[in-house]
Amino acid sequence: KQEVTQIPAALSVPEGENLVLNCSFTDSAIYNLQWFRQDPGKGLTSLLLIQSSQREQTSGRLNASLDKSSGRSTLYIAASQPGDSATYLCAVRGNTGKLIFGQGTTLQVKP
Amino acid sequence: NAGVMQNPRHLVRRRGQEARLRCSPMKGHSHVYWYRQLPEEGLKFMVYLQKENIIDESGMPKERFSAEFPKEGPSILRIQQVVRGDSAAYFCASSLLAGDNTGELFFGEGSRLTVL
Numbered sequence: 046k047q048e049v050t051q052i053p054a055a056l057s058v059p060e061g062e063n064l065v066l067n068c069s070f071t072d073s074a075i076y077n078l079q080w081f082r083q084d085p086g087k088g089l090t091s092l093l094l095i096q097s098s099q100r101e102q103t104s105g106r107l108n109a110s111l112d113k114s115s116g117r118s119t120l121y122i123a124a125s126q127p128g129d130s131a132t133y134l135c136a137v138r139g140n141t142g143k144l145i146f147g148q149g150t151t152l153q154v155k156p
Numbered sequence: 433n434a435g436v437m438q439n440p441r442h443l444v445r446r447r448g449q450e451a452r453l454r455c456s457p458m459k460g461h462s463h464v465y466w467y468r469q470l471p472e473e474g475l476k477f478m479v480y481l482q483k484e485n486i487i488d489e490s491g492m493p494k495e496r497f498s499a500e501f502p503k504e505g506p507s508i509l510r511i512q513q514v515v516r517g518d519s520a521a522y523f524c525a526s527s528l529l530a531g532d533n534t535g536e537l538f539f540g541e542g543s544r545l546t547v548l
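As they're listed, the protein sequences go chains A and B.
So for the first sequence, the numbering used here puts the first residue at 46; every next one is plus one.
So for the second sequence, the numbering used here puts the first residue at 433; every next one is plus one.
Hints are computed from structural coordinates only; laboratory data are not their basis.
Mixed in with the good hints, there may be bad ones.
[Stated by the list, open to error] Listed below are several chain A residues computed to face chain B (Cβ distance under 7 Å; list not exhaustive):
1) 89
2) 93
3) 116
4) 143
5) 146
6) 148
[Claimed, not checked] Label pairs and their in silico Cβ distance ranges:
7) A:64 / B:512: 38 to 48 Å
8) A:61 / B:510: 24 to 34 Å
9) A:141 / B:516: 37 to 47 Å
Every residue gets a Cβ at the ideal spot worked out from N, C-alpha and C, and that includes glycine.
Hey, can you work out the whole structure from these sequences and the hints?
Spelled out as structure tokens, the structure:
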């Protein structure tokens, strides 16, 4: 049974810092991994999708890496801004078709 | 190209009533997934449907919950005889290609159910 863990559960940093969010999964037989952002009371916004054959994806200040063999992914946020404050969710998709989510990392960027 | 549409966005029910949540997938998407997010918790998979078929309902409670995705119209998540523990945000997602597990899932804004 696939399990996804995100560390840390919460993170508070001053504006401008670079930061790394971690995601680990127990079953390496995945098709892809997605990082999402969720603002309080809102839906999920897809940030990055990494296919199992890829090592990383980049979008603006965000960079996500994937090491399938070790069951790990990281989301790197460069030059953090207060507007980056949100909960970041990692999810993996296996051959069942469904996404399995981690519990999320709640990020606060202080001005 | 509209995204995944869910309604109602907010729903209040008294214990014992029925709740019906609707989800219209993105245009051209034939796969729908329902997730539940309890307060302060992560998203838990409930059910995966294709048009007129339930593919995986391993996350659905055995009683009171049902889901459908008819040939025409939105997918419906139905909760009968609601209890306070059903209070949660219910999210719908859709994806494009049949059998394509590499595809991206797109989520709606969610329906927030409050049971009084």
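Hint residue 148 of chain A vs chain B: min CB-CB distance below 7 Å?
4 Å, holds
Taking 7 Å as the limit, does the beta-carbon of residue 116 of chain A come near enough to a beta-carbon in chain B?
18 Å, violated
Given residue 89 of chain A as an interface hint, is its Cβ closer than 7 Å to any Cβ of chain B?
Holds. Min distance 4 Å.
Look at the Cβ atoms of residue 64 of chain A and residue 512 of chain B and judge whether their distance stays inside 38 to 48 Å.
45 Å Cβ-Cβ, so the 38 to 48 Å window holds.
Range hint 37 to 47 Å (beta carbons of residue 141 of chain A and residue 516 of chain B) holds or violated:
31 Å, violated
May I ask you to test the interface hint for residue 146 of chain A with respect to chain B, counting a Cβ-Cβ separation under 7 Å as satisfied?
Holds, because the Cβ-Cβ distance from residue 146 of chain A to chain B comes to roughly 4 Å (cut-off 7 Å).
Was the hint right that residue 143 of chain A lines chain B, CB cutoff 7 Å?
5 Å, holds
Taking the least C-beta to C-beta distance, is residue 93 of chain A closer than 7 Å to chain B?
Nearest chain B Cβ about 10 Å off; hint violated.
Quick check: does the Cβ-Cβ distance between residue 61 of chain A and residue 510 of chain B fall within 24 to 34 Å?
Violated, since residue 61 of chain A and residue 510 of chain B (Cβ atoms, about 48 Å apart) do not stay within the stated range.
When held up to the earlier numbered hints, the structure conflicts with 2, 3, 8, 9 and fits the remainder.
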